[in-house]
Amino acid sequence: MEFVLLALIVIPLAVCPLFMVIPSQYPQLSRYLAALAGGALFGLSLLLFVAYEFDGGSGLRYELQWAWLENIGFLGENGITFYLALDGIGAPMVLLNGVVIFAAVFVSWNLANRTKDFFVLLFLLVAGVYGVFISQDLFFFFFWYEVAVLPMFLLIAVWGTSSEFKTFARTKEYGAMKLTLMLVGGSVLIWVAIMALFIEAGAGTYDMTVLREAALDEDFQKVVYPLFMVGFGVLAGMWPLHTWSPDGHVAAPTGVSMLHAGVLMKLGAFGILRVGMTLLPEGAEFWAPVLMAIGVTGAVYGSISALAQTDLKYMVGYSSVSHMGFVLMGLASMNQIGVNGAVLQMFAHGAMTALMFTSVGALYDQAHIRDMTQFGGIAKPMPRHTAFFTIAGLSSLGLPGLAGFVAEFHIFVGVFEAGYWWAGVLGVISAAITATYILRMLAKAYFGPLNEKWAGLKEMRLGEQFAAVLLIAMILLMGLWPAPFIDRISATVEMIPGIAG
Amino acid sequence: MSTSLEWGLLAPEFLLAGWAAFIILIDLFWGGLGKERLGWLAAIGAAAAGGLSLIWVGDTKEFGTLADINDYTTLFRVLFCGIGATICILSARYVKDRLLHPGEFYALILLAVIGANGMAAAHELLTAYISLELLSFSLYTLTAYAKFDLRSNEAGLKYMLLGAFSSAIFLYGIGLIYGTTGSTQFAVIGDVLSGDTSDIEWGMYMGLALIIGGLGFKVAAVPFHMYTPDAYEGAPIPITALISALAKAAGFAFFLKLFAVAFLPLIDDWRYFIAGLAVATMALGNLVAIQQRNMKRLLAYSSIGQVGYLLVGIAALSQDTASALVLHLIGYAVTNLAAFTCIILYYNWTGKEEIEDYKGLAQRAPYVALCLTIALFSLAGMPLFAGFTTKFILFQAAADEDMLWLAGVAAFFSFVSLYYYLIVIREMYVGEAEEKTRFPTPWLEYTALTVLIAGVFLIGLYPRPVLELAEDATATIFVSEELESGEDLVGVP
Amino acid sequence: MIPIDNFLVLSAILFSLGMYGVLARRNAVLILMSVELMLQAVVINFVAFAVYLDPETFTGIIFGIFVIVIAAAEVGLALAIILRLFRNRQISNVDEADLLKW
Amino acid sequence: MGMDQAWLIPAIPAAAFVILLIFGPYLPRKGDWLAIAAIGTSFILVFPVLADLLDQADGTTYVAGEKAWEWLSFDLAGAGETFNIEIGFYVDPITIVMLAVVTLIALMVQVYSIAYMKGDSRYGWYFTAMSLFAASMLTLVLANNLLLLYAGWEAVGFCSFLLIGFWYEKRSAAEAAKKAFITTRIGDVGLLIGIIMLWLEGPNTFNIQEIIAFAEEGGYETTYLTAAVLFLFMGALGKSGQFPLHVWLPDAMEGPTPVSALIHAATMVVAGVYLVARMLPLFELADPIALDIVLVVGLITVMISATMGLAATDIKRVIAYSTLNSLGLMFVALGSSAVTAAMLYLFVHAFFKALLFLGAGSVIHATEEQDMNRLGGLAAKMPITAAMFAIGTLAMIGIIPLSGFWAKDEVLAVTREEQHIVVYLVLLSSLFITGLYMTRLFVRTFLFAPREQEVYDRAHENGLLITVPLLILGLLATVGGFVVFDEVGEALGFAGGFGQFVFLHEAHGFEFHLDVAVTSTVLAGGGVVFGWFLWRDKAELAASVRDRFAPISTLLANRYYIDEIYQFAIDHIVLGAGALIAWFDRVVVNDAGVNGSANIGYLAGFEAKFLQTGRLPNYALAIVAGILLLSVVMLVALV
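Chains as they are written, first to last, in my numbering: chain A, 1 to 501; chain B, 1001 to 1493; chain C, 2001 to 2102; chain D, 3001 to 3639.
Honestly, the hints are just simulated from the structure, not real lab data.
All figures in this text were calculated on a predicted structure; none of them were measured in a lab.
Don't take every hint at face value.
Result set (DSS-like, lysine-lysine): computed pairs, CA atoms no more than 25 Å apart in a straight line [said to hold, decoys possible]:
hint : chain 1 : residue 1 : chain 2 : residue 2
1    : D       : Lys3067   : D       : Lys3118
2    : B       : Lys1147   : B       : Lys1061
3    : A       : Lys222    : A       : Lys166
4    : D       : Lys3170   : A       : Lys458
5    : A       : Lys458    : A       : Lys380
6    : B       : Lys1096   : B       : Lys1061
7    : C       : Lys2101   : D       : Lys3609
8    : C       : Lys2101   : B       : Lys1352
9    : D       : Lys3538   : D       : Lys3381
10   : B       : Lys1352   : B       : Lys1436
11   : B       : Lys1147   : B       : Lys1352
12   : A       : Lys380    : A       : Lys453
13   : A       : Lys166    : A       : Lys380
14   : D       : Lys3170   : A       : Lys380
15   : B       : Lys1352   : D       : Lys3609
16   : D       : Lys3381   : D       : Lys3118
17   : A       : Lys453    : D       : Lys3170
18   : B       : Lys1436   : B       : Lys1147
19   : A       : Lys458    : A       : Lys444
20   : B       : Lys1147   : C       : Lys2101
21   : A       : Lys166    : A       : Lys444
22   : D       : Lys3170   : A       : Lys444
23   : A       : Lys380    : D       : Lys3118
24   : C       : Lys2101   : B       : Lys1359
Please take these sequences and the hints and turn them into a complete structure.
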């Protein structure tokens, strides 16, 4: 099974040169190759998720450790190692990534210009994301973290769409540049924190399992943890640093914003959990209230500003910020239920947002505008599309039986258990606000009398429908039967020091 | 003659000098060879010298007290010869289209390489100074080589005068150091300085300051960097590449050796000055680069930025930082050459060097666009490419010497630098070219480019071999503290 | 014997004069002359150190000779470039040669 | 086939839903028969469960059947405990009453819908949604833990959203559906917080009985318990359309009439009553303010709904106000912790309210008109519907033999004993007003001269599929009340009357309060007679009364402007805040914060760029300055 884990990274990277070889006159060929690769990745991720079970000890399964750089300069005996392993938190995330890339390939099926380069960058992004979820070495964690950010600029700048609004304009170059710079800016903080951690641990290695045992003194942790928190927080859409998310998503093409909001934002939260909270428990303990406050602000702030949006993608962008606020609340609760909830929400939100972007993208491809107010009654010509978008909306407002509720419920219980009753109440209120803007959007754009202008709309393409069904399967699976997810996640969350009962 | 000088040790330098003369003679007597093939010939010569210097891999020999031929020297010799050979290949088409007297052009490049080798091998201030001047003079001339191009003329003038001025300052510094320590050999200076230096403080620190100033000019650290943008912009493009790769690399080879051997005992004194220089260099280099519209000036400021990162290595000098610095230097040289190759190719095709002119390059020459993107991302320190790994190791080593704040500042500015690299990439991929014609594929330049990009990927993905080379190289300059003292200069009885 | 300090002071004065000359002069040739002046100051320095501090070895003096040689080469090269500039643009004033800026 | 198989009751409609969802369009007649068969079997299954419950009971102490399966569980770090969520059902007398009501009414409504919805483009989807609704309502009723109850609660809310917005082409239907879901969702915020609060201080479980047991041992501190209970009540407010959150129920009439009959009369809206009834022990343990709030809210809803009923002209809206009125009554009963009275009223109310709605539906189906001012004199054309509607109206008013009378008297008796006299008087006045507006409804629709001839011509009696359910419900509406008598209970095999079956602490037999019965009949009868005279023939008297009290009638017509106040609040406060924050986010956080800091770098570079003047002396100056700075600092610092 170890090589299945390795395949997760090798396949996307191996596919990139293959794409380059295909002459650009045959876009269909590169699409088939992309579908093949996407399918393989989805299959492997599913296999890994199903095969993973917690067997005591550190919970790391299918370990694969290759020496990369050791006993040289400041590096000790196992220095930097190419160390892949799957653990309870990584398994659902790997599955999520597999699902979203498979769906994204189908959604961007009939992308006209330069499909070949598009898929190269897309799979580079996926390789980076897989790398982060399964690498246990801090250097390679950061390496793949940056690889995931690398192709974002070109993906948005070349294939994105600029948009004009009454009072301001957002060109795709601006969106791409802001997104990339803010993420790399965040990674500067992470880089400094990694260096400080390396010195303080003094073990001469970046292997996280070793760093976890290194007893770091309290004040050091209190100083370095906020670096990790803010550094990863930028990618997790933390409140003051979230503005790249709506602008980035508005400019990005559908497939990219699916991958980006669906998976890349989870990298940030995953980083806070895997690196911040595991290696610096006292630091996490100390900063938990601040993270909680930021999380709550993000949740309420995101949902309220989503209320005021007229552009569909902006609304989904702000709803991502709000849901990531929930994830941060879950992480900040520092107890088993809350953190479980956070990881569940990462998965749930990933599937939900991907589905939302699929639908919005499908609508945009045909209607070429995203302004809610100009649509009316398009449930008539596009019933399936409406059904998919409604399911995504309902999952995001936390309807029981869908993934959103299971995750949000755990987060609320965890937050209340951790004593932040005010955060809990605000969180539930922001869930209600989410219901408001989702339903307002549905009523305004989808229901009501059919606006003649949109009579010509046709149903979603088959590829998009397949992607949507795939994502709905994930949402329903977690909504109705979350046991497989919970068993894997909570076994590993329990191992994290500093997590209360 | 107490110590017989093993002249054999300098075989590569002799080969280079002989080859330069041979090139000039061929240019004079056999016009038929054509300017382009003359370049290839020169490249073969440089490569042969590089190959020759591999003989001394692993052993450490002394060339009298002037220079020592050890792994450090061998590594840099191979690097410099490699740079020289690449530049000769790259400039072949350029010289054919735009320059006269190709013979002297290539000869001067080979002479510059000799100068660089001398700087790396030097174990004594005078030899170092002379090789420095040899390198500088050839570069001054090469910068002003395009006789009828006003910009090249002006660049040459500025580079020349300021170069002379700063080498005078550098000399004065050496004088003071010689006066206070009584010798010009690094090892001896090192011993004297590690002893009690209370009574010679004035001269020593003044000398040190002046040397830092002079060397600062050579590697283009901030207060002394003013000539760089003009020299880069004015000089013919292959020479800009030569300056950015060879001058910086040789400068740092000498800088590292001098400070590692001679001035190491005073490290606690000069450490924060170099750190100050490093911060200023990174700050100004990256911030002004954001404003640039000309590709060559952009790369000038980007190389100033890169010098800032290398100065971080010097500021936190230790065995690990030195090897990390050498690794980063190699990475920087290879990446810079790759970037310049693409720019030279584009210049040969279109004669344009403004960033806007790169619009739509991705459609017109996808391979060149891809390689330039890889090179720029590597300069910015993005993963998969050399920049990320070398910067990571360098900053971690610097942080190990409790210079975490400096490493943090460096990481911040490498993030700032991403902006202007993205600007260029955006032009290439997002912009629309006027005419969509594809360019003819110059096979030789493409192979050189592919080799360089392969080097960038190698250092990025698996830096172990190169880092080991750097490790062995720096091991030699650090272990030689306990040299037998009192060796006089030229073995005169 | 004249104490060494006199020589050092002399060379320091010459050095700063040369430096002033480089800063103040606008004509390229005169700047070159000031640089040469600075180089000669360095030579004095070297010779003084060689004679006073370690008379038995000639390091300083050899250094001085080399500096003189290099200074000469430098003048040749610099004048060539200045002539090129003059021939192309008929200017020798350094301030006017500012095509390359910003 | 006893209580252990109770989980089949919700499972069968759920299975039907899944089958209809996937294969519905391809089934013959779009699968309506499957939906009805499913709800029919569920109805039939209620009886064996009831029988099993009665067998195991000795006298009036009933043994509740409970079975649970683990849905999700993980152990908590360090504490050794595990956090687990189960799915399970709990059957006790209250559940049986609810099951009976829900399944029967659902069956009646679905049979009725075959005719009513014939020819609708989304006919199959209607039955799918109906099955889903039935399944979720039954889950809600049977749930043994609060979380499963909450899941059923939300699912029911979602189904009402689907069914209200069934004809989503109509802008008003889409808005009504949205309004319904959002308002109930706001209520559910309270419910969720309440559940979590109960779990937080409680014994790490969501199981209702364990929570009640824990509370009875004094586990919760009273003020904490009061807060939790009031949060629960907030959920009930939203779902049962009580005073602050009642605005969505009148608009919910946009949905098809069978939907209104099932959801907005008999089942969903009473979910709040069921929740409060189920959790009443907690309400009692909390300090009395909790029950008083329930009472007061119930009273306010009774009064405003009754008065609004007078002004409404749409027959469905009048019936909707009568539902609000009845719900208010149930909450008043619960406010005086009389579970028997409340459940009895709920049981009986389901029948006659469904009858009224289906009657109205039959009128609408026949005449395609639901505005009272354009109906009139339909009795001649639609005798059965008129007769059944009459029974329903009289039952609603509470005239002696019909079921409404018995239930209302129970409530009046309880309030007279338990509560302050004013509450009793207010209830009596509401009786009178109910008499008024119900008579107005009946008279204006069925009696006297038709106001619009062509509407009258169109009227015709509907087919069997519509009239048979009306007849059945009519029978139940008349006979339903007798279940109160102990003799009738024993005859049916129960331990005694309704009081012996459903009670809070101890069973109590039926005692007839003559004085309450007399006063209520007098007032109700007076209301009918007065109403008859007001709205006779051309209703001149009513018109003159309306003119004299013009300000009041306009106030009533506009539903106390509550809708407008809410709309104003939403537009200005919520959407205003949204617009403000969106602007703040774009301008302050983004343009100033992010772009601002980026521009600082840009400008710094811009200034530094001009240092590069291109003139050689400046460069030399820079070098000299560098050297001077370096040497001076070095000498000063180090020497």
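Results for each hint:
1. Between D/Lys3067 and D/Lys3118 the CA atoms are separated by roughly 41 Å; this puts the pair beyond 25 Å, and the hint is violated.
2. Between B/Lys1147 and B/Lys1061, the direct Cα distance comes to roughly 43 Å. Violation of the 25 Å bound is thereby established for this hinted pair.
3. Annotation: proposed proximity of A/Lys222 to A/Lys166 is violated, straight-line Cα distance about 45 Å (limit 25 Å).
4. Taken as a hint, the D/Lys3170 and A/Lys458 pair is honoured in the structure, with Cα atoms around 21 Å apart against an allowance of 25 Å.
5. For the given pair, A/Lys458 sits about 10 Å from A/Lys380 by alpha-carbon distance, which is consistent with the 25 Å threshold.
6. Simply put, B/Lys1096 and B/Lys1061 have alpha-carbon atoms about 42 Å apart, too far for the 25 Å limit, and the pair is violated.
7. Distance check on the hinted pair: C/Lys2101 and D/Lys3609 sit about 9 Å apart at the alpha-carbon level, within 25 Å; holds.
8. Restraint check for C/Lys2101 and B/Lys1352: satisfied, since their Cα atoms lie roughly 18 Å apart, inside the 25 Å limit.
9. Between the alpha carbons of D/Lys3538 and D/Lys3381 the distance comes to roughly 20 Å, so the proposed pair stays at or under 25 Å and holds.
10. At most 25 Å may separate the alpha-carbon atoms for a hinted pair to count; B/Lys1352 and B/Lys1436 meet this at roughly 16 Å.
11. Restraint check: the Cα-Cα separation between B/Lys1147 and B/Lys1352 comes to about 19 Å, which is no more than 25 Å; the hinted pair holds.
12. Between A/Lys380 and A/Lys453 the CA atoms are separated by roughly 13 Å; this keeps the pair inside 25 Å, and the hint holds.
13. Restraint check for A/Lys166 and A/Lys380: the C-alpha separation of about 29 Å exceeds 25 Å, so the hint is violated.
14. At roughly 12 Å between alpha-carbon atoms, D/Lys3170 and A/Lys380 fall within 25 Å of each other, so this suggested pair holds.
15. About 22 Å separates the Cα atoms of B/Lys1352 and D/Lys3609, which keeps this hinted pair within 25 Å; it holds.
16. Among the hinted pairs, D/Lys3381 with D/Lys3118 is consistent with the structure: their alpha-carbon atoms are about 22 Å apart, no more than 25 Å.
17. Between the alpha carbons of A/Lys453 and D/Lys3170 the distance comes to roughly 17 Å, so the proposed pair stays at or under 25 Å and holds.
18. Straight-line distance between C-alpha atoms of B/Lys1436 and B/Lys1147 comes to about 34 Å, which puts the hinted pair past the 25 Å bound.
19. For the given pair, A/Lys458 sits about 19 Å from A/Lys444 by alpha-carbon distance, which is consistent with the 25 Å threshold.
20. Using a Cα cut-off of 25 Å, the hinted pair B/Lys1147 and C/Lys2101 holds, with the two alpha carbons roughly 20 Å apart.
21. At roughly 20 Å between alpha-carbon atoms, A/Lys166 and A/Lys444 fall within 25 Å of each other, so this suggested pair holds.
22. Between D/Lys3170 and A/Lys444 the CA atoms are separated by roughly 12 Å; this keeps the pair inside 25 Å, and the hint holds.
23. Of the supplied pair hints, the one linking A/Lys380 and D/Lys3118 holds, its CA atoms being roughly 20 Å apart against a limit of 25 Å.
24. Proposed proximity of C/Lys2101 and B/Lys1359 is supported: the alpha carbons are some 24 Å apart, at most 25 Å.
In the structure shown, a violation is registered for the earlier hints numbered 1, 2, 3, 6, 13 and 18, in ascending order.
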